[in-house]
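Chains as they are written, first to last, in this note's numbering: chain H, 1 to 116; chain B, 1001 to 1115.
Think of the hints as simulated: they come from the structure by calculation, not from any bench. Owing to the predicted nature of the structure, the values given are computational and were not obtained by experimental measurement. A few of these clues could be false.
[As the list claims (entries may be wrong)] Distance ranges between label pairs, derived from CB positions: (1) H:84 with B:1038: 23 to 33 angstroms; (2) H:68 with B:1016: 45 to 55 angstroms; (3) H:30 with B:1018: 20 to 30 angstroms; (4) B:1018 with H:40: 21 to 31 angstroms; (5) B:1051 with H:26: 21 to 31 angstroms; (6) H:72 with B:1073: 20 to 30 angstroms; (7) B:1054 with H:39: 29 to 39 angstroms; (8) B:1084 with H:55: 35 to 45 angstroms; (9) B:1059 with H:9: 14 to 24 angstroms.
[What the hints assert, rightly or not] No more than 20 angstroms apart at the CA atoms, straight line, and that leaves these computed lysine to aspartate or glutamate pairs for EDC-like: (10) H:103 with B:1056; (11) H:61 with H:20; (12) H:103 with B:1079.
We put the CB at the ideal spot given by N, CA and C, even for glycine.
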Amino acid sequence: AQSVTQPDIHITVSEGASLELRCNYSYGATPYLFWYVQSPGQGLQLLLKYFSGDTLVQGIKGFEAEFKRSQSSFNLRKPSVHWSDAAEYFCAVGPILTGGGNKLTFGTGTQLKVEL
Amino acid sequence: NAGVTQTPKFQVLKTGQSMTLQCAQDMNHEYMSWYRQDPGMGLRLIHYSVGAGITDQGEVPNGYNVSRSTTEDFPLRLELAAPSQTSVYFCASSYSGGDSHQPQHFGDGTRLSIL
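Here chain H stands alone, though its shape is the one from the complex:
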């Protein structure tokens, strides 16, 4: 069964500092990988996704993530955090199969606080 681990429940960074949110997955092969962001009281918004090709993917709002097969990781990064980035971030994996539906497995989330 697929699983996702986000080891950091809470992270606090200063505005302008760099950010890295960790995500490790367990899956028998290379899955599809996603990062979503959830602002308070809102639904989830897709930041970026990886399913093949270049292991460094760019997303919206200046975020990027790097897929490392050897470490089963898909860490999210941003060079300079803005106060508006404060939110909860979810890593998710989906199976590479057709006809089986879009069955995402989510991590437990990392709550990001940005200090001004």
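Given the structure of chain H, go ahead and fit chain B onto it with the hints provided.
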């Protein structure tokens, strides 16, 4: 476009009551799903549908029923509400039910409390 619309936004029920959470999308997406979000547990898949007339169970289906009579609508029904079903419920939709790399579009959620 409205995207994915969930109603109601908030609801309080008593144990044993029933209710239906509504979800509608206007993007002609084949795939729709329901998740529940609980503190420290992320989102867990309840039920999903790959098209009208087709539904299947996710990770935590017990206590919930779904139907998919049209492409646009995917209601979630609680027949006998229990306090353990207190949660935030999210509906999501995407293109092409067979390819999980298509990003899912989420509604704003329904916050449900069961007393």
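Outcome of the hint check:
| no. | hint | in the structure |
| --- | --- | --- |
| 1 | H:84 with B:1038: 23 to 33 angstroms | holds, 26 angstroms |
| 2 | H:68 with B:1016: 45 to 55 angstroms | holds, 50 angstroms |
| 3 | H:30 with B:1018: 20 to 30 angstroms | violated, 43 angstroms |
| 4 | B:1018 with H:40: 21 to 31 angstroms | holds, 30 angstroms |
| 5 | B:1051 with H:26: 21 to 31 angstroms | holds, 30 angstroms |
| 6 | H:72 with B:1073: 20 to 30 angstroms | violated, 38 angstroms |
| 7 | B:1054 with H:39: 29 to 39 angstroms | holds, 33 angstroms |
| 8 | B:1084 with H:55: 35 to 45 angstroms | holds, 41 angstroms |
| 9 | B:1059 with H:9: 14 to 24 angstroms | holds, 21 angstroms |
| 10 | H:103 with B:1056 | holds, 11 angstroms |
| 11 | H:61 with H:20 | holds, 14 angstroms |
| 12 | H:103 with B:1079 | violated, 24 angstroms |
Violation of the numbered hints given earlier is confined to hints 3, 6, 12; the remaining hints are satisfied by the structure.
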